[in-house]
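Following the hints, put chain B in place on chain A, whose structure we already have.
Number of protein chains: 2
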Amino acid sequence: MTARDPLRPPLPRAEFIEWLREEGASRYHDAHPVHVAMHEGRLTESELQRWVLNRYYYQTRIPIKDALILSKSEDPVFRRTWLHRITDHDGAQAGEGGLELWLRLAEGVGLERELVASCREVLPGVRFACDAYVDLVRDRSLLEAVASSLTEFFAPDLMSKRIAAWERHYPWVKRETLDYFRSRVPRARRDSEEAIEFVVAHANSYALQQKCVDALIKKTEILWHLLDCVHAACIAGAARSA
Amino acid sequence: MTARDPLRPPLPRAEFIEWLREEGASRYHDAHPVHVAMHEGRLTESELQRWVLNRYYYQTRIPIKDALILSKSEDPVFRRTWLHRITDHDGAQAGEGGLELWLRLAEGVGLERELVASCREVLPGVRFACDAYVDLVRDRSLLEAVASSLTEFFAPDLMSKRIAAWERHYPWVKRETLDYFRSRVPRARRDSEEAIEFVVAHANSYALQQKCVDALIKKTEILWHLLDCVHAACIAGAARSA
Numbered sequence: 001m002t003a004r005d006p007l008r009p010p011l012p013r014a015e016f017i018e019w020l021r022e023e024g025a026s027r028y029h030d031a032h033p034v035h036v037a038m039h040e041g042r043l044t045e046s047e048l049q050r051w052v053l054n055r056y057y058y059q060t061r062i063p064i065k066d067a068l069i070l071s072k073s074e075d076p077v078f079r080r081t082w083l084h085r086i087t088d089h090d091g092a093q094a095g096e097g098g099l100e101l102w103l104r105l106a107e108g109v110g111l112e113r114e115l116v117a118s119c120r121e122v123l124p125g126v127r128f129a130c131d132a133y134v135d136l137v138r139d140r141s142l143l144e145a146v147a148s149s150l151t152e153f154f155a156p157d158l159m160s161k162r163i164a165a166w167e168r169h170y171p172w173v174k175r176e177t178l179d180y181f182r183s184r185v186p187r188a189r190r191d192s193e194e195a196i197e198f199v200v201a202h203a204n205s206y207a208l209q210q211k212c213v214d215a216l217i218k219k220t221e222i223l224w225h226l227l228d229c230v231h232a233a234c235i236a237g238a239a240r241s242a
Numbered sequence: 243m244t245a246r247d248p249l250r251p252p253l254p255r256a257e258f259i260e261w262l263r264e265e266g267a268s269r270y271h272d273a274h275p276v277h278v279a280m281h282e283g284r285l286t287e288s289e290l291q292r293w294v295l296n297r298y299y300y301q302t303r304i305p306i307k308d309a310l311i312l313s314k315s316e317d318p319v320f321r322r323t324w325l326h327r328i329t330d331h332d333g334a335q336a337g338e339g340g341l342e343l344w345l346r347l348a349e350g351v352g353l354e355r356e357l358v359a360s361c362r363e364v365l366p367g368v369r370f371a372c373d374a375y376v377d378l379v380r381d382r383s384l385l386e387a388v389a390s391s392l393t394e395f396f397a398p399d400l401m402s403k404r405i406a407a408w409e410r411h412y413p414w415v416k417r418e419t420l421d422y423f424r425s426r427v428p429r430a431r432r433d434s435e436e437a438i439e440f441v442v443a444h445a446n447s448y449a450l451q452q453k454c455v456d457a458l459i460k461k462t463e464i465l466w467h468l469l470d471c472v473h474a475a476c477i478a479g480a481a482r483s484a
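Listed in order, the protein sequences are those of chains A and B.
Residue 32 in our numbering sits at position 32 of the first sequence, with consecutive numbering throughout.
Converting from the second sequence to our numbering requires adding 242 to each position, the first position being numbered 1.
So here's chain A without its partners, still in its complex pose:
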């Protein structure tokens, strides 16, 4: 029986979740050299800045892909559940929300807010990867789009680790600068629980379960490639200043 056998019955709930968890965890970007170096205190100020500036472009794609997810659903109950994700990033009013907190993080590491907000210095490869995320959500089914969000499963641990690492290794960054990471711990937990329940309920064939795993893997590739690009730019930058 091959993995794509159309007659294969769906995995039971626990096994399907374990499959997603394994494929996601083994590819999650917490193990990327840039994150490892960041959390061991080995990034320079300009390397941290480069990461913050480029990752902002990813942040700006989040409400866009969440609006696309909303637009793919026929169910007001689902949409009501998902809508808060847009508000989480855009804020309920001016001066609130994840995008604003990220811009404060950018200022906290010494970047010009306007430069970061403009996205004009974002690396081309970072743009390709983040745009590929929006394309994935636009082009695939609602189920796959939701499954691709399941990297948030792993986010709370990464955020908690990051807060501790930054407080220890980068004491020049003010404490309140890290509010974005703090805000994500409970939200990513709640969001990933909502998403996993939806995915488990709707992936009612093995073929659909496989598609969910594929979408999650693609998402891990997107997150990983973003860091690859930042990494390459850091190496090139170090070579120039040597």
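Please note that the accuracy of each hint is not assured.
[Stated by the list, open to error] Estimated spans, in silico, between C-beta atoms of each pair: (1) B:376 x A:119: 25 to 31 Å; (2) A:13 x B:463: 43 to 49 Å; (3) A:75 x B:435: 26 to 32 Å; (4) B:254 x A:202: 51 to 57 Å; (5) A:186 x B:381: 36 to 42 Å; (6) A:30 x B:251: 52 to 58 Å; (7) B:354 x A:141: 40 to 46 Å; (8) A:235 x B:337: 52 to 58 Å; (9) B:335 x A:118: 34 to 40 Å; (10) A:77 x B:273: 34 to 40 Å.
[Stated by the list, open to error] According to the in silico footprint, chain A covers these stretches of chain B (three or more CB under 8 Å from chain A): (11) 316-322; (12) 325-337.
These are computed hints drawn from the structure, not numbers from a lab.
C-beta atoms are modelled at their ideal positions from N, C-alpha and C, and glycine is treated no differently.
Showing chain B alone in chain A's frame:
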């Protein structure tokens, strides 16, 4: 100088708004025979039901097209302003929102809630027209998508007229059944004011102004065709029962 002359300067604000208003008003579906008959008390119970059932499909497209509009914007401020439209229709919680009010309207005119919610008896042509609205919003620019919403300019008058007409001509419909129409009067006014400000600010060439007018005209055709389909079905229904 032709209408499509690329060198033609943009119309001043007031003239552009007047152009939109004229093109929209002259094609608005308040003048459609179905609405005229409805407001003169000439629709039978089953004809009213047919309209309510079919129009529900249009209602279900609204949060979907509004989510698409959100997904086309790069501006958190705009998205924050537009987001409430989705909540207006989906409700902040179960039992609230425009879709729920429309289902109560359906029950109020004697339809099964579940039948209407399923959309399974929606006329094919109604489906084509409503899906064409979603396609328009998906495929055209953010500016054109917003311009297509400007039929709401004319909605408050139509809603007010409708409430009075239904209370007078269809006394068998309970008063609270009309809450959907009541709720739309202030909301459509606010929404169309927000939309017109956006359109005026962003249509900064004559070519863009023309595109906005085109999108608004297309939208009036969609609303009109929905009623054409209902009309044809009513005539066929009357012939069958004659």
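Hint by hint, which ones does the structure fall short of? 7
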